[in-house]
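Heads up: the sequence lines are chains X and D, in that order.
Residue 63 in the working numbering is what sits at position 63 of the first sequence, and the numbering runs on without skipping anything.
Residue 14 in the working numbering is what sits at position 14 of the second sequence, and the numbering runs on without skipping anything.
These are calculated hints, taken from the structure and not from any lab test.
By construction, the Cβ of each residue, glycine as well, lies at the ideal position given by its N, Cα and C atoms.
Hints are supplied without guarantee of correctness; some may be wrong.
Claimed, not checked - Rough simulated footprint, nothing fancy, chain X against chain D, three-plus residues with beta-carbon under 8 Å:
| id | stretch |
| --- | --- |
| 1 | 17-27 |
| 2 | 52-63 |
| 3 | 118-126 |
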Amino acid sequence: MSESKDNHIEVAVVTTSGRYPATGFDKVALHEPVETELKKAVKELHITDTTGWVARVNGKEIDPAKSYADNHLTGTVLVDYGPSEGGGGDE
Amino acid sequence: MNKEASRALFDEQTKDFTDELLQARNWRLFSREFPVLDVGFEATGRQPIRIRMQCDDWNELPPVVTLLKLDGEILRPVPSGPPSIFHQGPHNVTSLPFVCMAGTREYHTHSSHISDPWDNYKTKSGYDLGGILTRIWNGWLKSTP
Numbered sequence: 001m002s003e004s005k006d007n008h009i010e011v012a013v014v015t016t017s018g019r020y021p022a023t024g025f026d027k028v029a030l031h032e033p034v035e036t037e038l039k040k041a042v043k044e045l046h047i048t049d050t051t052g053w054v055a056r057v058n059g060k061e062i063d064p065a066k067s068y069a070d071n072h073l074t075g076t077v078l079v080d081y082g083p084s085e086g087g088g089g090d091e
Numbered sequence: 001m002n003k004e005a006s007r008a009l010f011d012e013q014t015k016d017f018t019d020e021l022l023q024a025r026n027w028r029l030f031s032r033e034f035p036v037l038d039v040g041f042e043a044t045g046r047q048p049i050r051i052r053m054q055c056d057d058w059n060e061l062p063p064v065v066t067l068l069k070l071d072g073e074i075l076r077p078v079p080s081g082p083p084s085i086f087h088q089g090p091h092n093v094t095s096l097p098f099v100c101m102a103g104t105r106e107y108h109t110h111s112s113h114i115s116d117p118w119d120n121y122k123t124k125s126g127y128d129l130g131g132i133l134t135r136i137w138n139g140w141l142k143s144t145p
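Next comes chain X alone, as it looks inside the complex (with noise of 0.2 Å):
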């Protein structure tokens, strides 16, 4: 991960529908909330419902209501989107 030299962050995200942006990344604000870049996932994706789902970066969850300053992240990153587990348990 490269320090960004402003204050912008270098993001994609990666679902096992496809990433977005397909190649490379986009440069956004630090301040700039997470979900915004995963709203233009799913609609690039084709994604319909993401309720429930969890957004992690190096397999740790983050708040996606949140932006990247308060997740602490910078530099460059790749977003992990996918559906949480859900339903049944051990019994």
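Got chain X sorted already, so can you dock chain D onto it with the hints?
Leaving out everything else, chain D in the frame of chain X:
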């Protein structure tokens, strides 16, 4: 379900399992050749697990999900909660531990869940093959290491 249609859907839903995604999730791909999707999960401080999804008749039927060690042996005991999608079993059909979560054959054929059929989920977002595998992965990450 027509076998070729099932294969085409399988291939479509696993084509984006790129090296980048596998690396980001620390997944080890053992097979994505129809009808078997077989992926190992690893994470620091956790016992690895391997998820073998037998996808015959996809998506008319949900995959049969078997919990393995990385070497391919049946995993026993399976991770625990609380709460956990992993069930020590024995399952009333397979007699094995299983993933008790919508989207697995074991869930929908379990005596406790036969009133919640696969048809309730098969067209929903996040219940494609990658979605089901991701759900299991997230459940594994939240289980007791």
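(request) Between the stretch 17-27 of chain D and chain X, see if three or more residues pass the 8 Å beta-carbon test, and mark the coverage as holds or violated. (result) holds (count 7)
(message) At least three residues with a C-beta closer than 8 Å to a C-beta of chain X: is that true for the stretch 52-63 of chain D?
(response) violated (count 0)
(message) At least three residues with a C-beta closer than 8 Å to a C-beta of chain X: is that true for the stretch 118-126 of chain D?
(response) holds (count 3)
Checked against the numbered hints given earlier, this structure breaks only hint 2.
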